[in-house]
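Assemble the whole structure, with the sequences as input and the hints as a guide.
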Amino acid sequence: MQAVVNFLGRLSHPNLIKLLGYCCKDKELLLVYEFMQRGSLENHLFRRSVAIEPLSWDKRLKIAIGAARGLAFLHISDTQVIYRDFKASNILLDGNYNAKISDFGLAKLGPSEGNSHVTTRVKGTYGYATPEYIATGYLHVKSDVYGFGVVLLEMLTGLPVLDYKRPIGRRDLVFYAKPFLSQKRKFMSIMDARMDGQYSSKAALQASQLTLRCLESEPIKRPSMKEVVEALEQIAAIGIPKESNSKSVHSSSHHYHHGYSVGSGR
Numbered sequence: 001m002q003a004v005v006n007f008l009g010r011l012s013h014p015n016l017i018k019l020l021g022y023c024c025k026d027k028e029l030l031l032v033y034e035f036m037q038r039g040s041l042e043n044h045l046f047r048r049s050v051a052i053e054p055l056s057w058d059k060r061l062k063i064a065i066g067a068a069r070g071l072a073f074l075h076i077s078d079t080q081v082i083y084r085d086f087k088a089s090n091i092l093l094d095g096n097y098n099a100k101i102s103d104f105g106l107a108k109l110g111p112s113e114g115n116s117h118v119t120t121r122v123k124g125t126y127g128y129a130t131p132e133y134i135a136t137g138y139l140h141v142k143s144d145v146y147g148f149g150v151v152l153l154e155m156l157t158g159l160p161v162l163d164y165k166r167p168i169g170r171r172d173l174v175f176y177a178k179p180f181l182s183q184k185r186k187f188m189s190i191m192d193a194r195m196d197g198q199y200s201s202k203a204a205l206q207a208s209q210l211t212l213r214c215l216e217s218e219p220i221k222r223p224s225m226k227e228v229v230e231a232l233e234q235i236a237a238i239g240i241p242k243e244s245n246s247k248s249v250h251s252s253s254h255h256y257h258h259g260y261s262v263g264s265g266r
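Numbering (UniProt numbering), first residue to last: 1 to 266.
It cannot be assumed that every hint is accurate.
In silico DSS-like pairs for lysine-lysine, Cα to Cα no more than 30 Å straight-line [what the hints assert, rightly or not]:
#1 K202 / K186
#2 K25 / K62
#3 K165 / K178
#4 K226 / K62
#5 K123 / K226
#6 K226 / K202
#7 K62 / K202
#8 K202 / K59
#9 K108 / K178
#10 K59 / K25
#11 K18 / K108
#12 K226 / K165
#13 K221 / K108
#14 K27 / K202
#15 K62 / K186
#16 K186 / K226
#17 K186 / K123
#18 K221 / K184
#19 K165 / K123
#20 K184 / K123
#21 K59 / K18
#22 K108 / K123
#23 K59 / K165
#24 K178 / K202
#25 K59 / K178
No lab work stands behind these hints: they were computed from the structure.
Given the structure is predicted, the values throughout are model-derived calculations rather than measurements.
Shown next, in the form of C-alpha cells:
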C-alpha cells in the first residue's frame, strides 16, 4: 500500500483515481479514494444483473479512451511509471462513465536512461500479463499496452479473458479471438450482442485491428499508448450507421458465453 501512496501522492490526471487521504495506525494503512458511483468496468462487462445496464458502443469507447489517456500519462510523465496490472477490475467509473485507473499496488518506475526495460519478479494477473514478461521478468511500457489490448478485446466481445466454463479452445479469449481480429466478417461474429448492433462496422473493424496491434507478441511491434489514444479518438469520430445498416450489423452478430452460441435475438 505504501507504493500506492508514493505514486498517487505525486501523480495527478483526470483518468487516475484521486487519493484523498490515508491513515497509518498500528501497522495498518488505510486509503481514502474519491467515490466512483458506477463501480468497476469488470462489473459492467461480466456481471449479468438487471441492475446493471449493458454498456453501449459509445460508452465503451469513452471508457477505453479515458483509460488509455491515463496509461499514456503514466508512460510519458517526468518519472515514467509502468502500471503492470491493467485489467477491467482496476478501471473504475464515475457517474458519467469517466474511466479512472485505480490500484497502484504493482506499479513500477520505468527503466533508467538508456535501458529499454526493468527486470523484476513476475507479478500481475494471468491472462493480462505479457508472454515475454512471464517468461523473462522483463517489464516494458509496452507490457501495459498488451494488457490494454486484452481489456479492449473484453470490451468488444463482452467476454472475460479467461473462463474455464467455456470449451477448451475458447477458455483463453486472446488465443481464441486472435484469428478473428483482422477479418471484418469473422470479427463481427464475436462482437458483444448486448450492444445491439448500434455501431459502425468500420469502427468495429478498426477497433479490432487496434486490439490485434496491442496484442503483438513482440513488444516493439505494439503501438505506444499515445498512439492508442489517437487511434481510439479517430474510431470514436466514425458515426453510427443509419438504421438499415445497424440492423444488418445486429443480425449478423453473436458471441459465446460459457461456451454456448448466443444469438442477437435472445
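Outcome of the hint check:
Pair hint K202 plus K186 holds up; C-alpha atoms about 13 Å apart against a cutoff of 30 Å. Taking the CA atoms of K25 and K62, the gap is about 39 Å. The hint is violated against a cut of 30 Å. The hinted pair formed by K165 and K178 meets the criterion: a straight-line CA distance of about 20 Å does not exceed 30 Å. Taking the CA atoms of K226 and K62, the gap is near 16 Å; set against the 30 Å cutoff, the hint holds.
Note on K123 and K226: the hinted pairing holds, with a Cα-Cα distance of about 25 Å set against a maximum of 30 Å. A threshold of 30 Å between alpha carbons decides the hint, and for K226 with K202 the separation of about 22 Å falls inside it, so the pair holds. Our distance criterion of 30 Å between C-alpha atoms is met by K62 and K202, whose separation comes to about 17 Å. Restraint check for K202 and K59: satisfied, since their Cα atoms lie roughly 17 Å apart, inside the 30 Å limit.
Taken as a hint, the K108 and K178 pair is honoured in the structure, with Cα atoms around 29 Å apart against an allowance of 30 Å. Taking the CA atoms of K59 and K25, the gap is near 40 Å; set against the 30 Å cutoff, the hint is violated. Taken as a hint, the K18 and K108 pair is honoured in the structure, with Cα atoms around 18 Å apart against an allowance of 30 Å. For the given pair, K226 sits about 36 Å from K165 by alpha-carbon distance, which is inconsistent with the 30 Å threshold.
Distance restraint check for K221 and K108: the Cα-Cα separation of roughly 22 Å lies within the 30 Å cut-off, and the hinted pair is therefore satisfied. Proposed proximity of K27 and K202 is contradicted: the alpha carbons are some 54 Å apart, above 30 Å. This hinted pair checks out: K62 and K186 have alpha carbons roughly 25 Å apart, not beyond 30 Å. Restraint check: the Cα-Cα separation between K186 and K226 comes to about 28 Å, which is no more than 30 Å; the hinted pair holds.
Of the pairs offered as hints, the one joining K186 and K123 is violated, with about 34 Å between alpha carbons and a cut-off of 30 Å exceeded. The hinted pair formed by K221 and K184 meets the criterion: a straight-line CA distance of about 22 Å does not exceed 30 Å. At most 30 Å may separate the alpha-carbon atoms for a hinted pair to count; K165 and K123 meet this at roughly 25 Å. For the given pair, K184 sits about 35 Å from K123 by alpha-carbon distance, which is inconsistent with the 30 Å threshold.
Proposed proximity of K59 and K18 is supported: the alpha carbons are some 22 Å apart, at most 30 Å. As the CA atoms of K108 and K123 are separated by approximately 11 Å, the hinted pair is consistent with the 30 Å bound. A threshold of 30 Å between alpha carbons decides the hint, and for K59 with K165 the separation of about 28 Å falls inside it, so the pair holds. Using a Cα cut-off of 30 Å, the hinted pair K178 and K202 holds, with the two alpha carbons roughly 18 Å apart.
With a CA separation close to 24 Å, the supplied pair K59 and K178 stays within the 30 Å bound.
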